[in-house]
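**Student:** Protein chains in written order, with the working numbering: chain B, 1 to 389; chain E, 1001 to 1389; chain G, 2001 to 2389; chain W, 3001 to 3389.
Please keep in mind that the hints were generated in silico from the structure rather than gathered at the bench. Take these hints with a grain of salt, some might be off.
[As the list claims (entries may be wrong)] Chain W residues, not near chain G, derived (Cβ > 10 Å throughout):
no., residue
1, 3026
2, 3075
3, 3079
4, 3157
5, 3169
6, 3244
7, 3269
8, 3278
9, 3332
[Said to hold, decoys possible] Rough simulated footprint, nothing fancy, chain G against chain B, three-plus residues with beta-carbon under 8 Å:
no., segment
10, 236-248
11, 279-291
12, 298-311
[Stated by the list, open to error] Simulated coverage check for chain G against chain B, where a stretch passes if three residues somewhere in it have a Cβ under 8 Å from a Cβ of chain B:
no., segment
13, 2058-2072
14, 2280-2289
15, 2295-2303
Note that this is a predicted model, so its numbers are computed, not measured. Even glycine gets a Cβ: it sits at the ideal position worked out from N, Cα and C.
There are 4 protein chains.
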Amino acid sequence: MTQPNAVHDQRVGVWFVGARGSVATTATIGALAMAAGLAPRTGLVSELPEVAVAGLPPLEGLITGGHDILETPLAHRAQVLADSGVFPPALVTALADELAAADSRIRLAPRLSTQRESAQAVEQDIRAFREDNDLDRVIVVDVSNTEPPATQRPELDSLAALEEALDAGHAPLPTSSLYAYAAFRAECPLVSFTPSPGATLGALTELAKEQALPWAGRDGKTGETLVKSALAPMFGTRALKVRSWASYNMLGGGDGQTLADPRAAVSKTTTKGAGLDAMLGYHVEGPMHIDYVEDLGDWKTAWDNISFEGFLGTRMTMQFTWQGCDSALAAPLVLDLVRLTARAHERGENGVVGALAFFFKDPLGGIDHTLSGQWRTLAQWCENLGASA
Amino acid sequence: MTQPNAVHDQRVGVWFVGARGSVATTATIGALAMAAGLAPRTGLVSELPEVAVAGLPPLEGLITGGHDILETPLAHRAQVLADSGVFPPALVTALADELAAADSRIRLAPRLSTQRESAQAVEQDIRAFREDNDLDRVIVVDVSNTEPPATQRPELDSLAALEEALDAGHAPLPTSSLYAYAAFRAECPLVSFTPSPGATLGALTELAKEQALPWAGRDGKTGETLVKSALAPMFGTRALKVRSWASYNMLGGGDGQTLADPRAAVSKTTTKGAGLDAMLGYHVEGPMHIDYVEDLGDWKTAWDNISFEGFLGTRMTMQFTWQGCDSALAAPLVLDLVRLTARAHERGENGVVGALAFFFKDPLGGIDHTLSGQWRTLAQWCENLGASA
Amino acid sequence: MTQPNAVHDQRVGVWFVGARGSVATTATIGALAMAAGLAPRTGLVSELPEVAVAGLPPLEGLITGGHDILETPLAHRAQVLADSGVFPPALVTALADELAAADSRIRLAPRLSTQRESAQAVEQDIRAFREDNDLDRVIVVDVSNTEPPATQRPELDSLAALEEALDAGHAPLPTSSLYAYAAFRAECPLVSFTPSPGATLGALTELAKEQALPWAGRDGKTGETLVKSALAPMFGTRALKVRSWASYNMLGGGDGQTLADPRAAVSKTTTKGAGLDAMLGYHVEGPMHIDYVEDLGDWKTAWDNISFEGFLGTRMTMQFTWQGCDSALAAPLVLDLVRLTARAHERGENGVVGALAFFFKDPLGGIDHTLSGQWRTLAQWCENLGASA
Amino acid sequence: MTQPNAVHDQRVGVWFVGARGSVATTATIGALAMAAGLAPRTGLVSELPEVAVAGLPPLEGLITGGHDILETPLAHRAQVLADSGVFPPALVTALADELAAADSRIRLAPRLSTQRESAQAVEQDIRAFREDNDLDRVIVVDVSNTEPPATQRPELDSLAALEEALDAGHAPLPTSSLYAYAAFRAECPLVSFTPSPGATLGALTELAKEQALPWAGRDGKTGETLVKSALAPMFGTRALKVRSWASYNMLGGGDGQTLADPRAAVSKTTTKGAGLDAMLGYHVEGPMHIDYVEDLGDWKTAWDNISFEGFLGTRMTMQFTWQGCDSALAAPLVLDLVRLTARAHERGENGVVGALAFFFKDPLGGIDHTLSGQWRTLAQWCENLGASA
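Make a model of the complete structure from these sequences and hints.
**Tutor:** Here you go:
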């Protein structure tokens, strides 16, 4: 795709919260591989003509960095993923130098005595990354472990109350929200790729508005929910009544382990379940499980059983199985979101970007859960962005 | 749904080619049951607000008739279908009188010595049905057995050549096309619900144009192809490359038996296969079988295996199983198409109605194979029809 | 099958605990239908030559009765089951008189102030049933709702302690065990078709021994576990290593509702899980869920995902879906067990009958969980029973 | 497993017909890897205690060689298989020397002007292999491409007639049978791992008898048929009536390409279909397809749909999906068969070895198609072999 020249000069940084996790590692090596011409651009929505028309920053200019609580080198993590079939082992060897360079830009997540201090340390790391690498803008992307929903507290509802609490040495913020706070303070747009609270708290949406920053979320739509958003409208527009829709998910790997904790799983099953009723216009019963099966590693297997009713009450059934590699599905969406959010930032958009609903299980700022509707909204928005260049 | 008053007075007839087959029988008993308030309107697309807005003739005013080569009474056929679970047996009992009346309007398919004579007899039967029942218009619907594709012949390409051939006592027309010819001669719109040649021959599209009649086709999209048209765009808009898509279909019943004949199956697998490549923009390999399994009766089971490639070449798999009742899926679409084609006729549309692509495996006059795109086109067309009332 | 004449004279009674539930109702109408020649003997293991050789009491002579906490007439329950497709509605009409007679032999479950009194009332009802109907023997079959596992208590471990506790007005027994106690006191063999504690408590196995009664259990093997017991040995004898085996079950109906209670589900998932490790000789990880999906009624859908490893570590996958009608699968096994246990009683066997492991998820007295091994054991036992006639 | 000492000294050779194909390559590298302690013995039936008891020649002593029509080095073929996930790429590097040595023992398939000459050349190659490598015995294993069934001809029915035809310069033998002829002439036992005619012709069974050689066949039971032989007895012993059983198979790779030829596929679908009716005792309808899907490579995906009837005629459904790697499933069976056939030869058995039915789709000399029955027969035979040592 040829893209308007103007944006080719933009230097865009990506700051991963969870920079040594499966998704960030896969996105990092993927961006490097594509920039080096070692891999085709399969899976990148931002390379489709309808999206590229927006005039997006090129993959070649992306610089990655981020925070993590682990110190395992990126190349080591990449090797583990390659061995389990997420991408070809040859890439790890071919990109050893580039991976080492990317690894040198990852900072250990600061854990200071107060949230105020931690937030400042995070902010400083991000600002230093931008300056050291001479970047036009940095997009912060949360791809860390899923947190439970936040508990309702007054200091999370207004920015003033939050600042006061932080000044008083309190620690009201969930970790994902602390990073969102620091990102906004550092004048960076944010992408929430997990179902964690992140920027959805009142105090933080207020801060994003105040800083005139765009942000997008939440919870990347990579597998079963993606299929649901393609299939449910079929039942709706054919006037077939869905009687029950059961969703069983199994996965191993780090994300599977996190979701084996029932408190974290609440965040996930909530964002997963929301869309179906919205798409069909009525409540649909059915169990939904996410099970940790160590054996599966980064591969996710989902099975859905849909019982529906047609003409004269006849009952019928549809089932599907989805066998996908979670990180390989998530990583390109992360790169797409970085490029699109960077472009939105460049064009001066602020607040939650509803036009990016296409990428999320729980599309903030968007009311349409159907994949085709989300796609049209995205394409229209991209066309407008391109026209405004 | 409230509908504009004007159309409530319209008396619309349905003339089935194959009036005692599974689909026609199910559509007939369904229309009767709904008109009598004995069944909800599940499965009827024409009852959704986005479609009803067109101002459609009410189900209550539909009068059915048709041709068949069999003399089995409609009530008998209905009982067989009810026993195999297509609809509740109680309906057959409750609607015994109405079924008998509908049966009395079915004529034995004429088989005269020349096609000219046969066509004239068919035309006269249709005209008599319209006059006897004081109908504003009659929609002819082909739900008879699938025929092989037509052999290329000059007299099928132009109306003048066709008339000459018929005058000379020749028999160039496939049966489905003979009925299309008679329908158009009788000034009736046509719905081709099978993949048979029907009105697609050059000579007949010419005749439809000359008579200023709308017609729609072809091959009702009821099962696996319906799912494909919902799922394939998901792979496309996510930039996932489909490597192979295998389609296995099993069904019993009359349609299954017809399709067990490889010559007839060619028509079906051709219309089934066409859309996938069009939706994805490249050729996708994969076997496609339609097998006759007597045991399954009117129930169709399809299994599809989709192998696809994502980010960095990672290979993944999706599979689905569809267990549907063929007649219960087809019958409401037939009623939808009758109401919509009647409305198009009333508003003076002519030629093939591309806006009805939503209902067909091989959508004539429509270039979009995606279900969501077809739905938007349909809804827009209905809105225009309603506005023009 | 011709059977030795001797046993044809035997009058055998069946006393159902849960006589108006789905399984008892289906077994009752099934026995009546087959005796009347209205249905073939499909699904009855006891009609296969290898089993019939034992010389079993004929279906024609079976007399049913039982306890239930509900008063809904059997014919009413049968109609509900027929409407949901468990058996043909015509049977309910044809067997109206027989169902009414069977219904008249069902007693309301006694709920007296002490367990001692309740047990005596149950015993008297069973004795009265045997005498009133002039029966040679009565087999008590527990097909009532699943209970949680019993809490460890000294008075459940020895008969003397139990009797003392009952005399003291205590209520130590789970309901299923109270019925087992009464059955043994009434000198009746017992079949435990549920995973409830029943006769597995030390005090009751002691009582069975003392009374010289045979009994069998537990938890009828009707669906997913049946398939497991056929498939797992395939992996074992082919030296393929099962890495994980996930089991997802959905069902509606009364049993589904009971199992939606996590405490009751413990009994079920325990008996379901036990066999796999035993058959393979190592522990296999994998989630197991039983979900209540009201929409499914008496139909159970299970999906299993088996990940296994072969030569040189290659990982492969097998999946299966099972769509079965729970009561239709359970009812014939109940009749089989009644006939076989009656024969064992007639031949003077006592204690738990391990040779009946073929029928159970948690085969008491049997150590082989493979279906083929259990079948051979059953066939051999039947041959011996027949030879001893 | 400890094995009787006596056999540890035996030097056994394997002569592959199709020595550079996927199965032979995988078996060769597998045997080398296991002998070198680089891979566990997963998938090897001959390592299970019930089979090892026979006193089998150790893997460490196996020497491979064979014929092929291709000259691609074994290491190259191994690399291609490793890249497509059949075994770990690291093995190809680690065993480079051993693979080169194995490759040097493969001869180009002779194609001389008469079958007599070709057969003699094949025989000489095998004899030379035995002598050069100082082997106690050589087992010839046919793992070459599937041939169509042989046409009925008098010279294939008796050895005398065959010899006469060969002397006269005729070419009556299918290729697989020519190799069987040469193997027997070279005094070697034979394993027919494909459905090709091989040694099943009257003239050749006569020759095997005359030479007092054991042989086994045919068509390795690796996937769908294996599952069938585990599942079908479940329906049988539960008295459930199978109404239809549909079998859809897809595979790529060389075997897929061969089977895309309908004439060769006849051999395969015939051996695949034979057992089901035999196991159930009645004819079961249902389509069976083997489709070539290039994309799948060496991975085979099968989907089976089983419709069955239970108590009171209730219809139920079971479906399974099998996603296996064909060569990884076949290769260990080849090694098992070599070890077992070598042991049979050592013990002086001759004629077709029915006790090896466990390994074959079309078990020659065995009448039991159930996996569990075949397993018991195998284990019993092995126990006897061990006892006779």
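**Student:** Verify this label for me: residue 3026(W) is non-interface relative to chain G, using a Cβ-Cβ cutoff of 10 Å.
**Tutor:** Its Cβ does come within 10 Å of chain G, the nearest being 7 Å, so this is violated.
**Student:** Compute the least Cβ-Cβ separation between residue 3079(W) and chain G, then decide whether it is above 10 Å.
**Tutor:** At roughly 14 Å from the nearest Cβ of chain G, residue 3079(W) sits farther out than 10 Å, so the non-interface label holds.
**Student:** Is the nearest Cβ of chain G still more than 10 Å from the Cβ of residue 3244(W)?
**Tutor:** Its Cβ never comes within 10 Å of chain G, the nearest being 14 Å, so this holds.
**Student:** Taking C-beta pairs only, is residue 3157(W) more than 10 Å away from all of chain G?
**Tutor:** With a cut-off of 10 Å, residue 3157(W) remains clear of chain G, as the shortest Cβ separation is near 36 Å.
**Student:** Check whether three or more residues of the segment 298-311 of chain B sit with their beta carbon closer than 8 Å to a beta carbon of chain G.
**Tutor:** Our answer is that it holds, as 4 residues pass the Cβ test (under 8 Å) against chain G, meeting three.
**Student:** Hey, does residue 3169(W) actually stay past 10 Å from chain G on C-beta?
**Tutor:** Fine: 44 Å to the nearest Cβ keeps residue 3169(W) off the interface.
**Student:** Are there three or more residues in the segment 236-248 of chain B whose C-beta lies closer than 8 Å to some C-beta of chain G?
**Tutor:** holds (count 4)
**Student:** Would you assess whether residue 3075(W), listed as outside the interface, keeps its beta-carbon beyond 10 Å of every beta-carbon in chain G?
**Tutor:** Residue 3075(W) is indeed farther than 10 Å from all Cβ atoms of chain G, at 16 Å.
**Student:** Would you check chain B against the segment 2280-2289 of chain G, counting CB to CB pairs closer than 8 Å, and say if three or more residues qualify?
**Tutor:** holds (count 4)
**Student:** With d taken as the least Cβ-Cβ distance between residue 3278(W) and chain G, does d exceed 10 Å?
**Tutor:** Label holds. Min Cβ-Cβ 16 Å, cutoff 10 Å.
**Student:** Are three or more residues of the segment 2058-2072 of chain G within 8 Å, CB to CB, of chain B?
**Tutor:** This one is violated; 0 residues, fewer than the three required, reach chain B with a Cβ under 8 Å.
**Student:** Would the non-interface assignment of residue 3269(W) survive a Cβ cutoff of 10 Å against chain G?
**Tutor:** holds, 22 Å
Comparing the model with each earlier hint shows violations of hints 1, 9, 13; every other hint is respected.
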